[in-house]
Amino acid sequence: MSGVSPPPNRRLATHRLVPLLLLTMFVWHAAAQQVVLPATPDSVKFAVIGDNGNGDRPEYEIATLMAQAHERFPFDRVIMLGDNIYGGQSASDMVKKFSQPYKVLLDEGVKFYASLGNHDDPGHVRYPPWNMNGERYYTYTVKNVRFFALDSNKVDQKELAWLEDALKAAQEDWKICYFHHPLYSDGGTHGSSVDVRVLFEPLFVKYGVNVVFSGHDHIYERLTPQKGIYYFVEGASGELRKGDTRPSAMTAKAFDEDRSFMLVEIGGHTLFFQTTSRAGVVVDSGTIERQGRR
Amino acid sequence: MSLRMRMSGLILDYLVALPLGCAAALLWANTFEESYYRFAHAAAFAVNDVGIVFFFALITKEVAEATIPGGALHPWRRAAMPVAAAMGSVAVSVALYLSFAHYVGEYMLEDGWVVACAVDIPGSYVVARMIFGRHPAVPFLLLLAISADAIGLACIAVLQPIGNPRPPIGLGFMVIAIYGAFALRRAGAKNFWLYLAGPGLLSWWALYEAGVHPALALVPIVPFFPHGRRDQGLFEEPAPQAHDTLTLFERWWRLPVEGVLFFFGLVNAGVPLHGLEAGSWGLPIAALGRPLGIVAAVGVARMLGLHLPARVGWRDILVVGAIASIGLVFALFFATAVMPPGTMLLELKMGALITLTGAVVAAIAARLLRVGRFAH
Chain A
1 MSGVSPPPNR
11 RLATHRLVPL
21 LLLTMFVWHA
31 AAQQVVLPAT
41 PDSVKFAVIG
51 DNGNGDRPEY
61 EIATLMAQAH
71 ERFPFDRVIM
81 LGDNIYGGQS
91 ASDMVKKFSQ
101 PYKVLLDEGV
111 KFYASLGNHD
121 DPGHVRYPPW
131 NMNGERYYTY
141 TVKNVRFFAL
151 DSNKVDQKEL
161 AWLEDALKAA
171 QEDWKICYFH
181 HPLYSDGGTH
191 GSSVDVRVLF
201 EPLFVKYGVN
211 VVFSGHDHIY
221 ERLTPQKGIY
231 YFVEGASGEL
241 RKGDTRPSAM
251 TAKAFDEDRS
261 FMLVEIGGHT
271 LFFQTTSRAG
281 VVVDSGTIER
291 QGRR
Chain B
1001 MSLRMRMSGL
1011 ILDYLVALPL
1021 GCAAALLWAN
1031 TFEESYYRFA
1041 HAAAFAVNDV
1051 GIVFFFALIT
1061 KEVAEATIPG
1071 GALHPWRRAA
1081 MPVAAAMGSV
1091 AVSVALYLSF
1101 AHYVGEYMLE
1111 DGWVVACAVD
1121 IPGSYVVARM
1131 IFGRHPAVPF
1141 LLLLAISADA
1151 IGLACIAVLQ
1161 PIGNPRPPIG
1171 LGFMVIAIYG
1181 AFALRRAGAK
1191 NFWLYLAGPG
1201 LLSWWALYEA
1211 GVHPALALVP
1221 IVPFFPHGRR
1231 DQGLFEEPAP
1241 QAHDTLTLFE
1251 RWWRLPVEGV
1261 LFFFGLVNAG
1271 VPLHGLEAGS
1281 WGLPIAALGR
1291 PLGIVAAVGV
1301 ARMLGLHLPA
1311 RVGWRDILVV
1321 GAIASIGLVF
1331 ALFFATAVMP
1341 PGTMLLELKM
1351 GALITLTGAV
1361 VAAIAARLLR
1371 VGRFAH
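As given, the protein sequences belong to chains A and B, one line each in that order. With the working numbering applied, the first sequence covers 1 to 294. With the working numbering applied, the second sequence covers 1001 to 1376.
If we strip away everything but chain B, and leave its shape as in the complex, we get (with noise of 0.2 Å):
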């Protein structure tokens, strides 16, 4: 199976930078254990506070283009039924989860069931397009993966807010930082660093103060930079000719990214392989519920009236809620929000390290249901 597409330089540093991260973690966690995890805490804020901000950033900076006239994802109405989809698979996911904690009696992980709405989004995109290739059912998932991590973001700052929370003064900075990124667009500035050391800087103490974890600082204000007419298409490589300030800013932040994926692998991906509970399971079977509540939501949908998008069957449905399954990168992201270290966080990431086999179960059900690539 090729991958007929031009893929970014973002998709290529999660396909190997990330991997090779999460591989050489789970390599010393298990061998030279000590040393790991005193690195990894030391490690933690760098990479989980600071660093993954520029990941984060682009990928809002492919969302932000796919919104513009040519993107996949324009107009934002067609978001709808995503929308839905992706609340039906929060509700199942989290529903299996908190049942399946309480099945095995370790409610100390119940505090962690936000990590069961996290969909990966770079990792889905990968394996979308290996199946479905240019098909409507893509830009579905990755509404769908926006959506259901947006969820989960919006339900770690209001339930789970981190540290001492100070909204009103993370608010007004937040607002601040807005203005000032909006201020720099329609004076014309066009140099990312003035966007990144006035607004960028301010949004992320912005969201230091208001509990909100910091790592989102820039897709508040990432979609000011001013960028091209016309998407180049998602994840994929960016028209030599463009200099526009996104593109400039993607190109710049490339290898800097490719560092900050492999040690994001690399400080949270180190677990234990033998010694681990059963809840380190909670997260995968969470997942296997997620084809269901997003079959279950596109059908309560429907019946009020929303649409599938062209050429999207209940099958493609299917797949795309199998494809969903993959937490990976957002749900240690988002374990790493919500659990303080200790043992109940390795059972999330353990089980955030197992939800990459969603991918095999995808290409399996695509293969079982003739969908994209296997429908001839």
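The shape of chain A in the complex, shown without the other chains (with noise of 0.2 Å):
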């Protein structure tokens, strides 16, 4: 029989592709489900998400790949960094861009700590998943770890005066602050928010806040450290502005290619982190050692 077989080379390549994607698909299996955190029993383990309440299909596909990583990685808290809700603020908006997408890790008694973002309704302070109290600013400790969610809308003077007194009463290893607007960020939509920096960073240096974690503008960010202080921009765990980042000599790493979000583990004197994409690929990892006592 001659005429129907594909020319040699073309069977050549046909042969060197199938194990290629076998191999491809394997591999994706693999980075789906893929922690390369240690996830030691007694760490501090938290998950990272920013500016992801739209209710689309890609919030709800970022919120499967945590909850795949919480059977390996088992995380019992997520931290929000804001515009947690995008549009429609009511019931079912709730349920739509919160609790449905969010249903497996809240039913396995994942808490939510969050803090808000320009787009969030104030009155959500009150809504008891998101752990706020009724407060725009709370402090919370978890072993040896002290996080502080702050209110980067609207910073008043009795908020700076609160955060003062906690920051110096904090006695815990680590201080970890989270807020909406970045204090340092890449991003070519809006880029830091230097009039909340001028603000927040003075006490951040004064008191030793190690890691700030912000969201706002809809990429992933690591930057190098700022005045001694590892900042991160995880706000792309819903939103995206695919090639957004404008990279500079802050930038340690930036993936704006897809969602994304963060798993961090704290040991000791030792943070681990990863960010994933909503390709389960890690695009992100690598440790951080405690700063030293300023």
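Some hints here could point you the wrong way.
Stated by the list, open to error - Covered stretches of chain B, going by a simulated chain A footprint (3 or more residues, C-beta under 8 Å):
{"no.": "1", "region": "1268-1279"}
{"no.": "2", "region": "1342-1355"}
Stated by the list, open to error - Lysine to any residue pairs mimicking SDA-like chemistry, simulated, CA-CA at most 20 Å apart:
{"no.": "3", "chain 1": "A", "residue 1": "K206", "chain 2": "A", "residue 2": "A169"}
{"no.": "4", "chain 1": "A", "residue 1": "K111", "chain 2": "A", "residue 2": "K158"}
{"no.": "5", "chain 1": "A", "residue 1": "K227", "chain 2": "B", "residue 2": "R1038"}
{"no.": "6", "chain 1": "A", "residue 1": "K206", "chain 2": "B", "residue 2": "S1035"}
{"no.": "7", "chain 1": "A", "residue 1": "K242", "chain 2": "B", "residue 2": "F1374"}
{"no.": "8", "chain 1": "A", "residue 1": "K158", "chain 2": "B", "residue 2": "P1161"}
{"no.": "9", "chain 1": "A", "residue 1": "K242", "chain 2": "B", "residue 2": "G1275"}
{"no.": "10", "chain 1": "A", "residue 1": "K158", "chain 2": "A", "residue 2": "A170"}
{"no.": "11", "chain 1": "A", "residue 1": "K158", "chain 2": "B", "residue 2": "A1042"}
{"no.": "12", "chain 1": "A", "residue 1": "K158", "chain 2": "B", "residue 2": "P1340"}
{"no.": "13", "chain 1": "A", "residue 1": "K206", "chain 2": "B", "residue 2": "H1041"}
{"no.": "14", "chain 1": "A", "residue 1": "K227", "chain 2": "B", "residue 2": "F1032"}
{"no.": "15", "chain 1": "A", "residue 1": "K206", "chain 2": "B", "residue 2": "E1034"}
{"no.": "16", "chain 1": "A", "residue 1": "K158", "chain 2": "B", "residue 2": "A1046"}
{"no.": "17", "chain 1": "A", "residue 1": "K158", "chain 2": "B", "residue 2": "P1165"}
{"no.": "18", "chain 1": "A", "residue 1": "K158", "chain 2": "B", "residue 2": "I1162"}
{"no.": "19", "chain 1": "A", "residue 1": "K158", "chain 2": "B", "residue 2": "L1159"}
{"no.": "20", "chain 1": "A", "residue 1": "K242", "chain 2": "B", "residue 2": "L1276"}
{"no.": "21", "chain 1": "A", "residue 1": "K168", "chain 2": "A", "residue 2": "E201"}
{"no.": "22", "chain 1": "A", "residue 1": "K158", "chain 2": "B", "residue 2": "H1041"}
{"no.": "23", "chain 1": "A", "residue 1": "K227", "chain 2": "B", "residue 2": "S1035"}
{"no.": "24", "chain 1": "A", "residue 1": "K206", "chain 2": "B", "residue 2": "R1038"}
{"no.": "25", "chain 1": "A", "residue 1": "K158", "chain 2": "B", "residue 2": "D1111"}
{"no.": "26", "chain 1": "A", "residue 1": "K158", "chain 2": "B", "residue 2": "A1043"}
{"no.": "27", "chain 1": "A", "residue 1": "K158", "chain 2": "B", "residue 2": "Q1160"}
{"no.": "28", "chain 1": "A", "residue 1": "K158", "chain 2": "B", "residue 2": "F1045"}
{"no.": "29", "chain 1": "A", "residue 1": "K242", "chain 2": "A", "residue 2": "V283"}
{"no.": "30", "chain 1": "A", "residue 1": "K96", "chain 2": "B", "residue 2": "H1102"}
{"no.": "31", "chain 1": "A", "residue 1": "K158", "chain 2": "B", "residue 2": "G1211"}
{"no.": "32", "chain 1": "A", "residue 1": "K242", "chain 2": "A", "residue 2": "P58"}
{"no.": "33", "chain 1": "A", "residue 1": "K143", "chain 2": "A", "residue 2": "G268"}
{"no.": "34", "chain 1": "A", "residue 1": "K143", "chain 2": "A", "residue 2": "P41"}
{"no.": "35", "chain 1": "A", "residue 1": "K158", "chain 2": "B", "residue 2": "R1166"}
{"no.": "36", "chain 1": "A", "residue 1": "K143", "chain 2": "A", "residue 2": "V283"}
{"no.": "37", "chain 1": "A", "residue 1": "K103", "chain 2": "A", "residue 2": "P122"}
{"no.": "38", "chain 1": "A", "residue 1": "K158", "chain 2": "B", "residue 2": "Y1208"}
{"no.": "39", "chain 1": "A", "residue 1": "K158", "chain 2": "A", "residue 2": "K227"}
{"no.": "40", "chain 1": "A", "residue 1": "K158", "chain 2": "B", "residue 2": "A1044"}
Derived from the structure by calculation, the hints contain no laboratory data. Think of the CB as a built atom: it goes at the ideal place given N, C-alpha and C, for glycine as much as any other residue.
With the hints in hand, could you dock these two chains into one complex?
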């Protein structure tokens, strides 16, 4: 028989492509479950999402990946960096944009601790699943880590005084702050919120804040330490501005091709982090050694 | 187009010092941003809570003088229609502002609704004089602007008090301050420093205690200053021979207020020209609704029996509405009064600056409608 067989070179190509395809599928599958963190039993484990609540398919896909990751990396809390709900803020919106996508995690007892963004309804400080207890800013402790959820939309003297007192009183090894507007960002749409930086940063430096998480720019970015503090931007857990990063000298790693979320683990004096894309690929990971007390 | 008026120092300062301050702020905030915001935050109290007291005092002086015989705002009963127009302006502006904030999903901006009430008194006056000359539409606009700002300030005082208000204590101090000013006036005191050092200071503290912005401290005190028998004209240079307390007060404070206006622009107008969200358009869009609100309110008021001033028609009212869309200084002031530092405040400030384009809209409207200087 002749005439129907592919030419020899084409046959060769097919011969090579099949195992390559299988290998890719295997790697893809493995990556979807991939957790590169140590997941030691006594460590503090949490996930980070920002600018997530649009109720669109990508938000659900990220939430599914988080649920899968939770099986291997049993984080007990998720910190939310603001713009937790876009558009309508009704009860049905809260279901569609929050409780439905994260249902698996909520059912497994994972707690969400929110900060609010400019698109959030200020009244949602009283939304029980976000554990804000009616406050725009609040603090809580998990083992040797003290978290500070702040309001960067409206930074009044009362908040600054509260923050200074809370930071001063904190005795934990790690001080982690999170809020919506990034003090440093290479996002092309918004960039650094310098007006907020001059208010928060002096306190962060003075009282030895270790790591800061923010959203607002719809990208993922890890920045080089600024005045000794590590900054992350995770504003792409639902929304995305593809190609929006404008790399600069302060960019350590950026990812703006797809949605993402972060997993963080703190054990002793080491913080481990990984950022996973919607494709299940770890796009950034590393460790941070706790800075000395300033 | 010439501005055929003997402009007072206040208006000249407004036209020179304030834009200079705003321009410097925009340049600084978009080049050396960190140093700018550090400066702006540090200087905000001195400028917005103390220095600007004297700008509002000079505005009050003009308004107080304008209500005496011969003044543009005399008698007060003329105010009924402009007050009605102001209510329409405020209602539509606030509704549009809130609708827009809701539409773009920036719910955090909703707390700034009161800024949509603000009408820039000196700015709108200058534009009105340029368009209308000495037409009765000008005092109509002024009364409208004063009323709209008064509504806004009342809303701030009642709904969004500052700090930890203690209204009874504030009210007590205010009664003493006003009585003090009244007693000085009755005793024939002519030195304005006496009014400032006693009742003025007490009034500042009273407002602070009451949770009302202390920038208005001299507003209830200035009307007690001894003044001339007849008004020289709103925002016009006082006669050289005038030596009444109000005139001396204006002459002494002209230069310091020039500095205050420059610093007010410098401290408050610095906004990033890139990176703000759609919420920045909330105030300009609210301002666009003002002519509609004013026309509607005037229509209702006429049905209820109120009258428009002579020679003021519907086309004039529309142009007055467009002029009243300028929020600038008053919108910046309202914004800093109701919104703490942060991105929301920057968006409001940007919106306040954009409302300056209301002057261009008003000029185009006047030309299209053949109003004022464009009538012939």
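Okay, the hints, checked on the actual structure:
{"no.": "1", "hint": "1268-1279", "verdict": "holds (count 5)"}
{"no.": "2", "hint": "1342-1355", "verdict": "holds (count 5)"}
{"no.": "3", "hint": "A/K206 with A/A169", "verdict": "holds (13 Å)"}
{"no.": "4", "hint": "A/K111 with A/K158", "verdict": "violated (27 Å)"}
{"no.": "5", "hint": "A/K227 with B/R1038", "verdict": "holds (17 Å)"}
{"no.": "6", "hint": "A/K206 with B/S1035", "verdict": "holds (19 Å)"}
{"no.": "7", "hint": "A/K242 with B/F1374", "verdict": "violated (51 Å)"}
{"no.": "8", "hint": "A/K158 with B/P1161", "verdict": "holds (14 Å)"}
{"no.": "9", "hint": "A/K242 with B/G1275", "verdict": "holds (16 Å)"}
{"no.": "10", "hint": "A/K158 with A/A170", "verdict": "holds (18 Å)"}
{"no.": "11", "hint": "A/K158 with B/A1042", "verdict": "holds (16 Å)"}
{"no.": "12", "hint": "A/K158 with B/P1340", "verdict": "holds (10 Å)"}
{"no.": "13", "hint": "A/K206 with B/H1041", "verdict": "holds (19 Å)"}
{"no.": "14", "hint": "A/K227 with B/F1032", "verdict": "holds (18 Å)"}
{"no.": "15", "hint": "A/K206 with B/E1034", "verdict": "holds (18 Å)"}
{"no.": "16", "hint": "A/K158 with B/A1046", "verdict": "holds (19 Å)"}
{"no.": "17", "hint": "A/K158 with B/P1165", "verdict": "holds (14 Å)"}
{"no.": "18", "hint": "A/K158 with B/I1162", "verdict": "holds (11 Å)"}
{"no.": "19", "hint": "A/K158 with B/L1159", "verdict": "holds (18 Å)"}
{"no.": "20", "hint": "A/K242 with B/L1276", "verdict": "holds (19 Å)"}
{"no.": "21", "hint": "A/K168 with A/E201", "verdict": "holds (14 Å)"}
{"no.": "22", "hint": "A/K158 with B/H1041", "verdict": "holds (15 Å)"}
{"no.": "23", "hint": "A/K227 with B/S1035", "verdict": "holds (16 Å)"}
{"no.": "24", "hint": "A/K206 with B/R1038", "verdict": "holds (16 Å)"}
{"no.": "25", "hint": "A/K158 with B/D1111", "verdict": "holds (17 Å)"}
{"no.": "26", "hint": "A/K158 with B/A1043", "verdict": "holds (18 Å)"}
{"no.": "27", "hint": "A/K158 with B/Q1160", "verdict": "holds (15 Å)"}
{"no.": "28", "hint": "A/K158 with B/F1045", "verdict": "holds (15 Å)"}
{"no.": "29", "hint": "A/K242 with A/V283", "verdict": "holds (15 Å)"}
{"no.": "30", "hint": "A/K96 with B/H1102", "verdict": "holds (19 Å)"}
{"no.": "31", "hint": "A/K158 with B/G1211", "verdict": "holds (15 Å)"}
{"no.": "32", "hint": "A/K242 with A/P58", "verdict": "holds (13 Å)"}
{"no.": "33", "hint": "A/K143 with A/G268", "verdict": "holds (10 Å)"}
{"no.": "34", "hint": "A/K143 with A/P41", "verdict": "holds (13 Å)"}
{"no.": "35", "hint": "A/K158 with B/R1166", "verdict": "holds (17 Å)"}
{"no.": "36", "hint": "A/K143 with A/V283", "verdict": "violated (28 Å)"}
{"no.": "37", "hint": "A/K103 with A/P122", "verdict": "violated (23 Å)"}
{"no.": "38", "hint": "A/K158 with B/Y1208", "verdict": "holds (16 Å)"}
{"no.": "39", "hint": "A/K158 with A/K227", "verdict": "violated (25 Å)"}
{"no.": "40", "hint": "A/K158 with B/A1044", "verdict": "holds (16 Å)"}
The earlier numbered hints that this structure contradicts are 4, 7, 36, 37, 39.
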